[in-house]
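Using the sequences provided together with the hints, build the complete structure.
Residue numbering for the sequence shown is 1 to 556, as defined by the numbering used here.
In short, the hints are calculated from the structure, not lab data. Certain hints may be false.
[Stated by the list, open to error] Listed next, with one range per pair, are the computed distances between beta-carbon atoms:
#	residue 1	residue 2	range
1	Thr166	Gly250	45 to 55 Å
2	Arg260	Ala174	51 to 61 Å
3	Gly153	Ala421	43 to 53 Å
4	Arg210	Asp122	39 to 49 Å
5	Glu81	Asp412	45 to 55 Å
6	Glu213	Ala163	35 to 45 Å
7	Ala163	Glu81	30 to 40 Å
Computed from a prediction, not measured in an experiment: that's the story for all the values here. A virtual CB, placed ideally from N, CA and C, is assigned to each residue, including glycine.
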Amino acid sequence: MTFALRPQHATRYAALARLLVRYGRSDLVSGVGMDEFLEATEPSEDAAASAEQLARDLEAMGPTWVKLGQLLSTRVDLLPEPWTDALSRLQDDVEPIPFEDVERVITEELGVSLRHGFASFDRTPLAAASLGQVHRAELPSGRQVVVKVQRPGVRQVVRDDMAALTELAELADAHTELGRRYGFAQLLEQFRRSLAGELDYQREAANLTRMAELTAPFPHLIVPAPVPDYTTRSVLTMDFVPGRKVTALGPLGRLDLDGRVLVEELFRAYLQMILVDGFLHADPHPGNVLLTPDHRLALIDLGMVATVPARVQGQLVKLLLAISDGNGDDAAAVLASMGHRGEGFDAAAFGEQVAELVSRTVALGSDLEAGAVLVELSRLSGTHGLRPPAEMAMVGKALLNLDQVTQHLDPDFAPAETIRANTAEILRSGMKPSLGGAMAAAMEAREFATQLPARANRVMDALAEGSFTVKVEAIDEVQFLHVMQRLANRVTAGVIVAAMVVGAALMMLVPTRSRILGYPSIAMICFSLAAIAAAVLLTLILVTDRRIARRSKADR
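The following block contains the structure:
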């Protein structure tokens with residue numbers, strides 16, 4: 001199978017082909033017709049070494065590929081553990097862009113020069129990534145802020161990369177077994193939404209505001225507030241929050257810190273956001289959590305945010321309850337209802353392995369890590385041909401990152417106890433109807449109560465008069481018998497015509513004095529009758545079918 005390459009994407013095709021061949025997926029390359037890009041590159045026998053090399057290769061290929069690797073690190077149902085571990089450590093640090101470009105972007109986006117828009121602006125970036133970089137600044141009001149500036153031209157680079165990936169994903173889904181099994185186009189659509197959110201800084205500002213509202217009941221958590229007048233799609237200005245990464249906290253630093261209170265609030269907040277509010281900060285790794293001087297936790301970098309649908313929220317709560325109760329059968333049933341079953345899915349074998357995993361999990365007691373369990377269940381689902389919703393793997397990965405944060409703040413913290421202690425509150429909160437849902441339910445109830453007496457009277461009157469009927473939409477038996485009779489008549493007529501032709505052919509061999517055109521008369525008569533009958537039968541078929549077609553069209 002071949003396809004027409006777009007010249008502007010040829011470099012990207014070649015880079016992707018080299019990547020796939022290097023890591024043992026030359027069948028996928030040939031399946032989508034990129035054989036001319038094949039190279040004799042052998043993958044490493046060491047899975048961990050290959051995974052680390054893949055991470056380095058993605059870093060060298062640019063921002064789109066780095067973000068794709070970070071997303072794939074959450075899909076434990078698609079990739080083995082060494083690969084997801086390596087991809088989760090992908091570094092997004094690159095050379096900073098020149099300050100002149102930063103100044104130009106800010107001036108074009110905000111419509112004001114740095115000199116007039118800021119009291120001060122640090123030329124040296126605090127951090128530089130593939131999509132943008134962050135500078136410290138001060139507003140004319142004296143408000144201390146950080147300014148996140150998007151790299152010039154990065155949108156066009158991402159757009160071209162996505163166009164090439166979309167074309168190849170659709171081809172892979174249509175022409176390769178691997179594509180049909182995993183659904184690359186669907187995975188890429190999820191990636192497109194995630195990347196679009198990271199490229200739109202106004203959306204990230206909205207995420208900051210939303211998360212600040214959700215964490216307001218937790219006094220030890222803080223989220224930097226955006227500055228709307230200084231924020232556009234390519235520039236994000238938010239409060240500067242002093243602090244240090246929790247990874248920099250040593251054993252001595254924990255002596256003056258009540259780590260248990262901090263981690264319990266952090267864990268409860270994330271459980272509430274994910275399982276009740278449907279708001280998922282997909283990347284709460286230790287680098288995005290700061291410990292402030294007043295001993296609070298600051299949550300930063302909300303570019304990668306996902307929405308957990310209400311259906312998935314309820315199923316996750318059921319799954320966590322089944323795990324905490326040690327009920328492997330219920331856990332397997334919930335997982336099967338959540339995911340998309342492939343052709344090779346074996347429910348019995350899957351249930352046995354889930355039950356075994358849940359039993360091992362319950363045996364851990366206070367050492368249970370919810371994130372690790374969800375990740376392992378996602379991986380087990382993928383192994384058995386069950387494709388769980390992407391949100392489940394992302395929730396598991398987010399909770400796994402939280403486990404790393406809590407280990408730095410309080411190594412003795414037991415997430416399982418917090419989950420069990422807050423399950424009742426989560427269930428109560430999840431059962432509270434929203435204002436819109438309550439209003440809709442009230443209107444439905446009012447309409448039902450208003451119309452019920454009249455409808456009940458009509459039903460009772462019909463029963464009393466003996467005129468009560470039940471209409472069932474089924475096959476029209478009379479019409480069906482007519483069609484079958486017409487079909488039988490046509491088949492019978494066809495068989496008779498065929499018999500006349502065969503009989504005439506046999507009578508051609510019978511010697512006789514009566515001949516027509518040199519052939520036996522009886523045979524020629526049979527041939528003529530067969531031809532006339534066939535013509536009449538074909539005419540009736542055509543006329544009848546056209547009449548039925550016109551009638552059906554008129555009925556529609």
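Results of checking the hints against the structure:
no. : hint                        : in the structure
1   : Thr166 - Gly250: 45 to 55 Å : 47 Å, holds
2   : Arg260 - Ala174: 51 to 61 Å : 54 Å, holds
3   : Gly153 - Ala421: 43 to 53 Å : 50 Å, holds
4   : Arg210 - Asp122: 39 to 49 Å : 28 Å, violated
5   : Glu81 - Asp412: 45 to 55 Å  : 26 Å, violated
6   : Glu213 - Ala163: 35 to 45 Å : 37 Å, holds
7   : Ala163 - Glu81: 30 to 40 Å  : 32 Å, holds
Of the numbered hints given earlier, the model fails hints 4 and 5; all others are met.
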